[in-house]
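Colleague: Chains as they are written, first to last, in our numbering: chain P, 97 to 555; chain G, 97 to 555.
It is worth saying that the hints were derived from the structure and are not from the lab. Honestly, I wouldn't trust all of these hints.
Copies of the same chain look alike in the list, so a pair counts if it works inside one copy or between any two.
Claimed, not checked - With a cut-off of at most 20 angstroms between alpha-carbon atoms, the simulated SDA-like pairs for lysine to any residue come out as follows:
{"id": "1", "residue 1": "K370", "residue 2": "I453"}
{"id": "2", "residue 1": "K286", "residue 2": "F261"}
{"id": "3", "residue 1": "K406", "residue 2": "Y283"}
{"id": "4", "residue 1": "K340", "residue 2": "K374"}
{"id": "5", "residue 1": "K286", "residue 2": "I512"}
{"id": "6", "residue 1": "K451", "residue 2": "G130"}
{"id": "7", "residue 1": "K406", "residue 2": "R281"}
{"id": "8", "residue 1": "K405", "residue 2": "Y274"}
{"id": "9", "residue 1": "K286", "residue 2": "P262"}
{"id": "10", "residue 1": "K340", "residue 2": "Q446"}
{"id": "11", "residue 1": "K286", "residue 2": "E259"}
In this text the structure is predicted, and so the values were computed from the model without any measurement.
Each chain is listed here by its residues.
Protein chains: 2
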Amino acid sequence: MEEACIPSTHASKQCSGKEEKQRDIIEDMKLASGEPEPILASVINHYAQTLIQHNIRNLGRNYYVISYLCLISLHNKLHICIAGYPINQNFNYDALLPLLHFHLNNAGDPFFGNSLSLSSIPFEVFVLDWFANLWDIEKTKYWGYVTTGGTEGNLHGLLVGREQFPDGILYTSQDSHYSIFKIARMYRMKCVKVNSLVSGEIDCVHLKTLLLAHKHNPAIINLNIGTTMKGGIDNLDLVIEVLKECDFTRDRFYIHCDGALSGMMLPFQNGAPKISFKKSIGSVTISGHKFLGCPIPCGVVITRLKYIKKLSRNVEYIASRDITITGSRSGHSPIFLWYALKVKGLIGLQNEVHKCIMLAHYLKNRLRDAGIAAMLNDFSNIVVFERPLDDDFALRWSLACKGNIAHVVVMQHVTIEMLDSFAREYIQKRSIWLKGGEIQPPCIANDIGAENCVCSLHK
Amino acid sequence: MEEACIPSTHASKQCSGKEEKQRDIIEDMKLASGEPEPILASVINHYAQTLIQHNIRNLGRNYYVISYLCLISLHNKLHICIAGYPINQNFNYDALLPLLHFHLNNAGDPFFGNSLSLSSIPFEVFVLDWFANLWDIEKTKYWGYVTTGGTEGNLHGLLVGREQFPDGILYTSQDSHYSIFKIARMYRMKCVKVNSLVSGEIDCVHLKTLLLAHKHNPAIINLNIGTTMKGGIDNLDLVIEVLKECDFTRDRFYIHCDGALSGMMLPFQNGAPKISFKKSIGSVTISGHKFLGCPIPCGVVITRLKYIKKLSRNVEYIASRDITITGSRSGHSPIFLWYALKVKGLIGLQNEVHKCIMLAHYLKNRLRDAGIAAMLNDFSNIVVFERPLDDDFALRWSLACKGNIAHVVVMQHVTIEMLDSFAREYIQKRSIWLKGGEIQPPCIANDIGAENCVCSLHK
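Isolated chain P (complex conformation) (with noise of 0.2 angstroms):
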């Protein structure tokens, strides 16, 4: 794992010789009269080509960005390579720059208003209703925002189930998001974690029994659509079915949905699991810069209007009517997920999900024919495998490793070429770390599935 450069004194850190550089031309800077515009703009231009040269792979030579004009022009030729994190890094927002020279702020309630007069209450409400359609629910029957990112839709998603059910307890499985479990402690709310199935979806079977055992508090249940490693899709359908099974009446549960990457993905296949509001479902929430691409972290949740209207009047005697987490809020945000929905249309984010899911195919079928282990869930982007034995390479292409197993997410920045280039390397870097064969590969059947394992017991 790649390690931030942090100041020395704070020991147990180790910078890598890039930002230990990076750093220094930092530092090296005398405060206390201001510096000059033109030394800090040769900071940023250096920063900036070390972002490029950091993530280029597989161009023989090194560049050098002189001017802003030459990093535009190497950014939009090259491939910024992040293998193994789901955010989109094709965009090109030129269009918003102006907007740059405004602090815009959206705080509150974008449907109470605010009395700032730079905001873009508009561009959020625009977005916010597509989402609402996107999931079902009718202009007049929900309230959302535009959030910080994933982490706050699920912040706020839970404080309305807590708020619903003071005493509930939060359901979720072993495969979530860490920020579940972080929320759970901030919230002081009783958290029961339910297993998983090999697939990273929850397990109904497990989940059931433990309603069972706690039938008497009404139950908050987090769902992940899908999961951060392997994209597995929690079944909204059959957890409603258990529900109902255990007598959990309307009235007694409530489902968020962390849709953080493949909520925004599957209404655009076909067959794939829906998400929407005419199921018994409280909240769900998306990532902006994840399938959508946006230079900053941000995200949307949209939940039952009803819900914040109790939670309003529980709100009143602290005398704001801001039922958001953060209090100022990004104008910017809401602009970029604007322009992102309108330049692609419906049509271009069903062509960019088909191109996704049709790379990671690829990526899937090149190792596992090659003898790699390797899994892909229906419907996800996110393909599975041995984890590499060279920390170095799996640095190099930015994966995300957990225990044995590492993932590619192919995003829209992922074309053919990156995934040959990634898949040879890896194919002849494994067989080096097997010494030809004469290692043997670890079972990952548990990870990923007996089928889909390559060891000597499942191969």
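Mind docking chain G on chain P? Use the hints.
Modeller: Showing chain G alone in chain P's frame:
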């Protein structure tokens, strides 16, 4: 109060003509196949134009923004007038525009690092070191991060306090930012509201009574540096003294300082109260977009490393070392802050503080000389005065109003010409509202003190 423009199907909301028109432009477009970029760019230009027009005062004609360059030149020449909000609109980050082509993500703990290659951790650590130095804490002894704004700073500081003292009671004055009460509810903390003095600062006599009444529980104290409405600075030294008098030893209290705006201004004023980790405080937070100026809401929180170490141990079972509130964090915000600190330097910051304070005194004196009730706290740039009797006037000048009072926050973009223009119009309009003396101005002695009031009883 200005209402945001929202869908007509959301009953009970109204749009202003301007926003209605703006929303039509946004909504009229068909989405399915994506919109041509030039059309979207023209929407953005139109929006940027309304932002400027909405905020221009005293310019006898309309401006139409045709191009980006034209927009910038207008922005640089004219006064963007947010008079009632503590937001510095006087910034220029053109040097950073190239970085808007990257998604930069400082996910998680800045001192633990993440494996994302597109982060700005070294810039963030520079900013954190800078603030640690400002607040007198050694590099080896602090922890912190760049937040999404003041609320997240409060969310973090109070969480650290609560984890230190799970049965601690939160004390905060009635003039505190609404986020404090919101957070108490989120965290299920018992919250005790302390009276405020006329200046807005916490009433330490009342605090003492309350502490003695709850002496068996540890105390978690939120201090306002300063208050949102009046800029009153809670007296840290006196609060520590009171804690001692009530036998609250150092292991039984935690002080969080909410330094949103003034936290950045006090260190540059001679004789101002000093916020310092050499005193018994646990955390400090400031908003980055307030005094420093930043297009996107952001902030900084600094706390003692020892608390974080304890917190980390506690959260280890969830297999996460992320002890920030949000997960993915903007990599751009730290660079904006870095740039602002660098380009201004300590001397530049001091000059800006002095200018704001001087102009605040100028405005207060102009109002007082015209026989208008007005108050300005020591070391504050917030001028409090009689609420205008015409809401349109308040809206046009983006004044923040509460009860019988309103305020102007004299930020860096506020000029003496703007204040003259405002004072002239206010004095003239007030004379009309009060029918040339026929109607008496309201008594606001309770809000700003009898010595500042000009009602028939106090003048």
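Colleague: Indicate, hint by hint, whether the structure satisfies it.
Modeller: Now the hints, each set against the structure:
{"no.": "1", "hint": "K370 to I453", "result": "within (17 angstroms within a copy, 57 angstroms between copies)"}
{"no.": "2", "hint": "K286 to F261", "result": "both (12 angstroms within a copy, 19 angstroms between copies)"}
{"no.": "3", "hint": "K406 to Y283", "result": "both (18 angstroms within a copy, 19 angstroms between copies)"}
{"no.": "4", "hint": "K340 to K374", "result": "within (16 angstroms within a copy, 58 angstroms between copies)"}
{"no.": "5", "hint": "K286 to I512", "result": "neither (45 angstroms within a copy, 56 angstroms between copies)"}
{"no.": "6", "hint": "K451 to G130", "result": "between (48 angstroms within a copy, 17 angstroms between copies)"}
{"no.": "7", "hint": "K406 to R281", "result": "between (24 angstroms within a copy, 15 angstroms between copies)"}
{"no.": "8", "hint": "K405 to Y274", "result": "between (29 angstroms within a copy, 18 angstroms between copies)"}
{"no.": "9", "hint": "K286 to P262", "result": "both (10 angstroms within a copy, 15 angstroms between copies)"}
{"no.": "10", "hint": "K340 to Q446", "result": "neither (34 angstroms within a copy, 64 angstroms between copies)"}
{"no.": "11", "hint": "K286 to E259", "result": "both (14 angstroms within a copy, 16 angstroms between copies)"}
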